[in-house]
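For the protein sequence lines, the chains are A, B, C and D, in the order given. Reminder that position 61 of the first sequence reads as 61 in my numbering, one-by-one numbering, no gaps. So the mapping is simple: my numbering equals the position in the second sequence, first residue as 1, plus 1000. So the mapping is simple: my numbering equals the position in the third sequence, first residue as 1, plus 2000. So the mapping is simple: my numbering equals the position in the fourth sequence, first residue as 1, plus 3000.
A few of these clues could be false.
Partner residues are not named here, just some residues of chain D that face chain C (Cβ under 8 Å, in silico) [unchecked claim]:
| # | residue |
| --- | --- |
| 1 | Leu3065 |
| 2 | Val3068 |
| 3 | Ile3105 |
| 4 | Ile3109 |
| 5 | Asp3114 |
| 6 | Pro3115 |
| 7 | Met3116 |
| 8 | Ile3117 |
| 9 | Cys3118 |
| 10 | Gln3119 |
| 11 | Glu3120 |
| 12 | Ile3121 |
| 13 | Gln3154 |
| 14 | Leu3159 |
If you want the ones that stay clear, here's a sample from chain B, every Cβ over 10 Å from chain D, calculated [claimed, not checked]:
| # | residue |
| --- | --- |
| 15 | Lys1044 |
| 16 | Asp1046 |
| 17 | Glu1047 |
| 18 | Ser1048 |
| 19 | Asp1052 |
| 20 | Arg1053 |
| 21 | Gly1055 |
| 22 | Glu1062 |
| 23 | Thr1066 |
| 24 | Asn1068 |
Simulated from the structure, these hints should not be mistaken for laboratory data. Being a predicted model, the structure only gives us computed values, none of them experimental. Note that CB positions come from ideal geometry on N, CA and C, so glycine has one too.
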Amino acid sequence: MEEKPGQDRIPDTPLFDRKRSLGGYRINKMAMGLSRPENREAFKQDESAYLDRFGLTPEEKEAVMTRNWREMVRLGGNLFFILKISAVDPVRITEIGAHQAGMEHDDFLRNRLGKKV
Amino acid sequence: MEEKPGQDRIPDTPLFDRKRSLGGYRINKMAMGLSRPENREAFKQDESAYLDRFGLTPEEKEAVMTRNWREMVRLGGNLFFILKISAVDPVRITEIGAHQAGMEHDDFLRNRLGKKV
Amino acid sequence: MAKLIGGLGTSHVPSIGAAIDKGLRETPDWKPFFDGYIPGQDWVKEHKPDVAVVIFNDHGNSFFLDKVPTFAVGCAEEYRPVDEGWGPRAIPPFKGAVDFSWHFIDTLIDNRFDPMICQEIEVDHGIQVPMELFWGRPAEWPVRVVPIFVNVIQYPIPLPSRCYEMGRVLRQAIESYPTDERFVVLGTGGLSHQLQGARAGFVNPEADRAFLNDIAGDPDKLANMSREQYVEMFGSEGAELMMWLVMRGAMDRDVVVRHKHYFVPASMTGAGMIVMENMATASPAVAA
Amino acid sequence: MAKLIGGLGTSHVPSIGAAIDKGLRETPDWKPFFDGYIPGQDWVKEHKPDVAVVIFNDHGNSFFLDKVPTFAVGCAEEYRPVDEGWGPRAIPPFKGAVDFSWHFIDTLIDNRFDPMICQEIEVDHGIQVPMELFWGRPAEWPVRVVPIFVNVIQYPIPLPSRCYEMGRVLRQAIESYPTDERFVVLGTGGLSHQLQGARAGFVNPEADRAFLNDIAGDPDKLANMSREQYVEMFGSEGAELMMWLVMRGAMDRDVVVRHKHYFVPASMTGAGMIVMENMATASPAVAA
Ligand SMILES: [Fe+3]
Ligand SMILES: [Fe+3]
Chain A
1 MEEKPGQDRI
11 PDTPLFDRKR
21 SLGGYRINKM
31 AMGLSRPENR
41 EAFKQDESAY
51 LDRFGLTPEE
61 KEAVMTRNWR
71 EMVRLGGNLF
81 FILKISAVDP
91 VRITEIGAHQ
101 AGMEHDDFLR
111 NRLGKKV
Chain B
1001 MEEKPGQDRI
1011 PDTPLFDRKR
1021 SLGGYRINKM
1031 AMGLSRPENR
1041 EAFKQDESAY
1051 LDRFGLTPEE
1061 KEAVMTRNWR
1071 EMVRLGGNLF
1081 FILKISAVDP
1091 VRITEIGAHQ
1101 AGMEHDDFLR
1111 NRLGKKV
Chain C
2001 MAKLIGGLGT
2011 SHVPSIGAAI
2021 DKGLRETPDW
2031 KPFFDGYIPG
2041 QDWVKEHKPD
2051 VAVVIFNDHG
2061 NSFFLDKVPT
2071 FAVGCAEEYR
2081 PVDEGWGPRA
2091 IPPFKGAVDF
2101 SWHFIDTLID
2111 NRFDPMICQE
2121 IEVDHGIQVP
2131 MELFWGRPAE
2141 WPVRVVPIFV
2151 NVIQYPIPLP
2161 SRCYEMGRVL
2171 RQAIESYPTD
2181 ERFVVLGTGG
2191 LSHQLQGARA
2201 GFVNPEADRA
2211 FLNDIAGDPD
2221 KLANMSREQY
2231 VEMFGSEGAE
2241 LMMWLVMRGA
2251 MDRDVVVRHK
2261 HYFVPASMTG
2271 AGMIVMENMA
2281 TASPAVAA
Chain D
3001 MAKLIGGLGT
3011 SHVPSIGAAI
3021 DKGLRETPDW
3031 KPFFDGYIPG
3041 QDWVKEHKPD
3051 VAVVIFNDHG
3061 NSFFLDKVPT
3071 FAVGCAEEYR
3081 PVDEGWGPRA
3091 IPPFKGAVDF
3101 SWHFIDTLID
3111 NRFDPMICQE
3121 IEVDHGIQVP
3131 MELFWGRPAE
3141 WPVRVVPIFV
3151 NVIQYPIPLP
3161 SRCYEMGRVL
3171 RQAIESYPTD
3181 ERFVVLGTGG
3191 LSHQLQGARA
3201 GFVNPEADRA
3211 FLNDIAGDPD
3221 KLANMSREQY
3231 VEMFGSEGAE
3241 LMMWLVMRGA
3251 MDRDVVVRHK
3261 HYFVPASMTG
3271 AGMIVMENMA
3281 TASPAVAA
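Start from the sequences and build out the full structure, keeping to the hints where you can.
Take a look at the structure:
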């Protein structure tokens, strides 16, 4: 059983299929945990210890701790779960989008979303 | 919405339909709790307090505390849940059956289950 | 018998709820979006539905990946807002149309659907935002709800045509329900958006506008599209738009469009709204 | 392609597991029951299946009434015994046939089934006891499993004919699975028993024996019975017998019965066992 996400069926569009769901299980479970106030507190107090509780690999931990959204998704993180990180450590969803698109935030708003900025 | 179980569609055979599932929700949730060791301990230590934690009505509490299986089922208790009481406070399932059938245990074994006793 | 008085469609973007909470309704970014819903709110006020059946998806809030139901139907007395990470939002809990929910579940099982049956569950922005968009922020909701959760996150997600079929069973359940209550069905989600991958930020206003036309005029075309086509056309998260087909499947072939609105982007999403009535029972002046 | 080598049916009464745990196998109460499974165990040893698809119901252990799936399919790496109240039983955890599970789920969704998808779940006696009856108590299970949970407790439970249909989809999944693995399918539950109400203790040996004949020779008849007929004939809990139809639906119309056993009562239950092979692929000597 391959653990890592494979090719995208639609270009640049990661479908959350069995491989991603399996591969991202730890990251997503950790992030799901952030829907409880006491876990948000624990995450704030000692992020590394909180991540260890969910058995994240060093690679996964680094992606989370550096807020590397693209990498979290590549490792199987699903945005609906990992978005809860932004409830603890605020960041706009358009910034998360821009990061994944590999664009400056203003460019992203202008060129992807058609905003006048 | 009627809370209490209604007529049996098949004689003497309570189907676990929406009315029973709704009516018995508290009893069954309490009993489901007994699948955790710490709750079994709490039940043993102070049964009344344990039952209160699940908001049982006085009628429901009395049925449980007197091990009135027939009454527990009438109130919507489902045997698969309330059977967990017998893990804490041992009683044979055939005794639970006999009680519901309104028969002596030996009669029940002989006449219902065809055992030679 | 109960009556289906309308089919509503709307996006359910979480930022919409956040914008309301933060009092941003009148800001230049949000005003044109919210203004578009005024006719929808007026329609609801005028037609006073008793029950709202709301089709939406959970977004990793009520369900985790350990156990993912394809379809789940609520039959609870009450549905409280779930904590999505920012604490539960301060909106009134939804009252359930318990008896109809069970009747619908019976009808589903009889028609070879395999729903998960939920007597106790919290609900996320997927239902909150649509309710706020059509009913505002009352002290108590003037309708009772039936939540239908559809898995559109973890593959395999259901076929669009299966969603459409479920709508037909919903209609059958409404028409066989022995009260004189008035039902609306809300399809929610979409329109185009993509939140993950290098194509993040993808929106497709042209496809969105076509969808708003086809959902009324050519729903069979939308029901026959593949899941991949939804993803390609509307983005990986925009594919949830197929949930509107449950609503559309509950309606007649011929409908009247009462209101329609499109705005892009709401947050990162093409945001659409529609209000439809069945042609056969629409008020004659408009149906003509 | 993978191959279906047999269909097994068996009761899954918890007291059977308790009898094994307490070393009661050779007591007069239990010996005739367990001896009946020796040919079944021999068949398994001889035919060495790689994967066992096991259809059973949870008994208020893995699921509570808050969220009841009609059908749930496991796709986990491992399934541990759940604590049913007496502590988890000391049997080895079951290894999952993960990749096939997902293939089966894909096939179900494509065929308009709506399963719940379980990546993390514990399992109760519903699967434990059948595995012990056919494979004994090895240090490690020599087969990997695919658990299929069916709601037969809270009404509405699925139609018997729906279970039968699911079996056909299971067969399709096995035959389209690109390995040379050997599959058995186990239908479990029943036979006649009733644990609640004034009819508690009801058993129906005559109906049970007829069922053991019909499951091989006339499954369509069993699939066309109503849920109420199952309850009437087999008792309120005996109605779970309809789960054998998933197994039977996976087989050909014509089967060979290799072994069959019936014993009453095991605890409060009419206990039955059957081993079948498809006629077309059974060894010629017996099929003739
Ligand atoms: Fe959504
Ligand atoms: Fe069972």
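Against the structure, the hints come out as follows:
no. : hint    : in the structure
1   : Leu3065 : 6 Å, holds
2   : Val3068 : 5 Å, holds
3   : Ile3105 : 6 Å, holds
4   : Ile3109 : 4 Å, holds
5   : Asp3114 : 4 Å, holds
6   : Pro3115 : 6 Å, holds
7   : Met3116 : 4 Å, holds
8   : Ile3117 : 5 Å, holds
9   : Cys3118 : 5 Å, holds
10  : Gln3119 : 6 Å, holds
11  : Glu3120 : 4 Å, holds
12  : Ile3121 : 7 Å, holds
13  : Gln3154 : 7 Å, holds
14  : Leu3159 : 7 Å, holds
15  : Lys1044 : 13 Å, holds
16  : Asp1046 : 19 Å, holds
17  : Glu1047 : 15 Å, holds
18  : Ser1048 : 20 Å, holds
19  : Asp1052 : 20 Å, holds
20  : Arg1053 : 16 Å, holds
21  : Gly1055 : 15 Å, holds
22  : Glu1062 : 19 Å, holds
23  : Thr1066 : 18 Å, holds
24  : Asn1068 : 13 Å, holds
The structure shown violates none of the earlier numbered hints.
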